[in-house]
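There are 2 protein chains.
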Amino acid sequence: MASPHPFDQALALRHSDLASGHFIGSTHPAYWNMVGPFGGMTAALALQAVLRHPELLGEPVALTVNFAAAVTEGEFEIVAQPARTNRSTQHWTMEIRQRDAEGRMQVNTTATAVTAVRRQTWGENDCPMPEVPAPQAVERFSIGPKGVAWLEQYEMRPVSGAVPRVWDGSGHHSETRIWVRDAVPRTLDFASLAAMSDVFYPRVWLRRATVVPAGTVSITTYFHATGAQLEQVGTGHLLGRATGQQFANGYFDQSAQLWSEDGTLLATSNQIVYYKE
Amino acid sequence: MASPHPFDQALALRHSDLASGHFIGSTHPAYWNMVGPFGGMTAALALQAVLRHPELLGEPVALTVNFAAAVTEGEFEIVAQPARTNRSTQHWTMEIRQRDAEGRMQVNTTATAVTAVRRQTWGENDCPMPEVPAPQAVERFSIGPKGVAWLEQYEMRPVSGAVPRVWDGSGHHSETRIWVRDAVPRTLDFASLAAMSDVFYPRVWLRRATVVPAGTVSITTYFHATGAQLEQVGTGHLLGRATGQQFANGYFDQSAQLWSEDGTLLATSNQIVYYKE
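Quick note, the sequences are listed as chains Z and Y, same order.
Per my numbering, residue 1 is the first one in the first sequence, and the count goes up by one each step.
Per my numbering, residue 1001 is the first one in the second sequence, and the count goes up by one each step.
Derived by calculation from the structure, the hints in this document are not laboratory data.
Just so we're clear, the structure is a prediction, and the values are computed from it rather than from any experiment.
Idealized CB from N, CA, C, for every residue including glycine.
Accuracy of the hints is not assured; some may be wrong.
[As the list claims (entries may be wrong)] To spell it out: a stretch of chain Z is covered by chain Y in this simulated footprint if at least three of its residues, at any positions, have a beta carbon under 8 Å from a beta carbon of chain Y; those stretches are:
| no. | stretch |
| --- | --- |
| 1 | 38-51 |
| 2 | 59-66 |
| 3 | 78-86 |
| 4 | 106-112 |
| 5 | 119-128 |
| 6 | 223-234 |
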């Protein structure tokens, strides 16, 4: 039997016997970043605990994940709790915890989510997909440094705003447009869409054409599609667009959109990122 | 002695003796919306509990507030807890609770915040303020329905995208540009900036030129200025810009920016809003 997709391996959670919504997981080497797991994977795991919860109502509408401290290699626990359940919406709080060197359980991630039973309504896309060449016409090219495991898990085809090849301080904008999908084909779902909302490299690198230490502090993703729509996107490419709005006093924000190849805006995502200089 | 500013009255919290970070407050009629308090006031209160916490480190960088259930008139409690304190950043979780008709304490709001000690760094605004007429050249005009108390607390001067005067389904965009400040002059601070991030009326009303029930489910605001910078803005106008990106299956998002009159981008804010039809 074939082994599960790397993303599903990394997403695997065991429901503990301690309490409803208490899960045990483990960091996966395939989604390792430079000094911890890929933040998108951590976001996907926080959401997965909600999706696996026996009391789940509806599908994800909003997800906020705060990266409070480094996640270290090995086992972690996630607790997902429904804070409020209404007729068609449900509000969740989540925490990821690990034991520190002294064996004390410490919170390294806090998160909230909103799930909802969605109904068909009038709809409109007020943020059309930029006109870009088809994925097949764009060269495959990793947007990050070599030797970073999680980057290998994605097929990335940057249309514009690829990671600078020359770090000479010549940057003059912060927008990246990129085709992206799982390198090993996998049908899109909420967890993978949450992860892909965080595939963009730090905007400050592009803006300045300078490498400085940077790390996401908080990410919020809104889901604009149903699970059935994501399944229809299947293993197709998504067009991702990300841009910074403000860089000031050690933090910049990133505004991002992810469209399916047919131009449906599947998710909008924002994050605030620490940078040092 | 003059009575405090209405915003400060609404923001008043009493620290309870039960636990550090446990506050008692009460809804204020001046910031009442149609069926509950103005969401921006609720967001400001969640932040205020952090700002008043004796263990606070630094200043607000990010705030996410989830409107889980209606806040009813009267007393509420807010609990703010530092989930993780690092060297220069601090991660917070907050909850607002009220007793239901049966006297049971119920969560109606969940929230998270990040505070940080900020240091001067290189900075850049990649989202310049649109060119608009000066506030003095724009007519003062409320953007919402008459008889809604909180709207009276703001001086609003819509440059474009004012609330439709005719509801004939003729809408074709979802962008509002508006000068805004407290109607009774008050020096800008993080709490009032958090509140002003939510002054825009529902984008779906503008997009469709049709009134439908709508309510914010979750709002995330990033602060790009220091407290000292906000104090310098003083009682000046802010230019707010808000636009929808996607309207689908009962939820739309709103992307917003708030600039000071000199063009400094003070805050970027996103929200996801329920709408019915």
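Cross-check of the supplied hints:
1. 38-51: violated (count 0)
2. 59-66: Our answer is that it holds, as 4 residues pass the Cβ test (under 8 Å) against chain Y, meeting three.
3. 78-86: holds (count 3)
4. 106-112: Since three or more residues must qualify, the claim that chain Y covers the stretch 106-112 of chain Z holds, with 6 doing so at under 8 Å.
5. 119-128: holds (count 9)
6. 223-234: Result for this restraint: holds, n = 3.
Violation of the numbered hints given earlier is confined to hint 1; every other hint is satisfied by the structure.
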